[in-house]
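Work the whole structure out from these sequences, hints included.
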Amino acid sequence: GAVVSQHPSRVICKSGTSVKIECRSLDFQATTMFWYRQFPKQSLMLMATSNEGSKATYEQGVEKDKFLINHASLTLSTLTVTSAHPEDSSFYICSARWSMNTEAFFGQGTRLTVV
Amino acid sequence: QKEVEQDPGPLSVPEGAIVSLNCTYSNSAFQYFMWYRQYSRKGPELLMYTYSSGNKEDGRFTAQVDKSSKYISLFIRDSQPSDSATYLCAMSAYTGFQKLVFGTGTRLLVSP
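So the sequences go chain by chain: A and B.
Be aware that the first sequence starts at 1, since it is given in the working numbering, and climbs by one per residue.
Be aware that the second sequence starts at 116, since it is given in the working numbering, and climbs by one per residue.
In case anyone wonders, no lab produced these hints; they're calculated from the structure.
Treat the hints with caution; some may be incorrect.
Cβ-to-Cβ under 10 Å is the rule here; a few derived chain B residues that face chain A [stated by the list, open to error]:
hint	residue
1	Gln153
2	Leu203
3	Gly211
4	Gly220
Where chain B lies over chain A, by a calculated footprint (3+ residues, C-beta under 8 Å) [unchecked claim]:
hint	stretch
5	41-53
6	85-97
7	104-114
In this text the structure is predicted, and so the values were computed from the model without any measurement.
Glycine is no exception: its CB is placed at the ideal position from the N, C-alpha and C atoms.
Dropping the structure here:
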């Protein structure tokens with residue numbers, strides 16, 4: 001299958017700072033990327049859908065000004081958690097697909113801890 | 116009530132056993148059903164993809180969807196220790212892997 005790489009795999013940041021998570025498609029052009037969040041003992045929850053060159057579409061309840069998503073190229077999308085707080089500590093994972101009719105491949109996820 | 120319910124396990128079985136993993140859901144609009152396998156520190160990997168009701172078989176894996184009961188299953192035959200992982204069900208009302216709704220995942224342990 002296609003490879004999606006997420007970086008970093010773990011990050012610890014101080015409350016009030018911002019942290020950026022990268023999602024790269026290594027061997028295909030990702031026209032669409034999806035960002036998910038998973039709290040302990042809960043399921044993966046879709047945060048937003050990002051199409052290359054367009055503004056991301058956020059799911060209900062997800063603050064777009066807090067979770068900034070950029071998908072400026074066909075191989076890279078970034079999620080920036082701004083003014084992070086301890087309640088933002090979670091597992092963030094992206095997936096990417098190259099067309100409407102193809103599978104979306106997942107990255108390995110990023111464990112964010114805000115202290 | 117969650118849209119998708121999945122027993123978190125863990126489910127422990129001996130090598131060679133038949134494993135049955137299940138999810139129930141409440142949204143009758145769901146048309147696309149998926150099973151993912153996730154190893155520790157890795158992203159989910161698509162195992163099975165099914166549209167609407169019916170069965171689909173791929174090697175040792177069989178996926179079943181019963182839309183009338185809002186119930187989906189994944190069967191693993193001749194389970195192997197390498198099958199030890201977390202299995203996630205996911206579903207959507209949309210094509211193209213959009214707006215996936217996941218279960219919490221079932222942790223499976225296959226002992227030699």
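What hints, given by number in increasing order, does this structure fail? none
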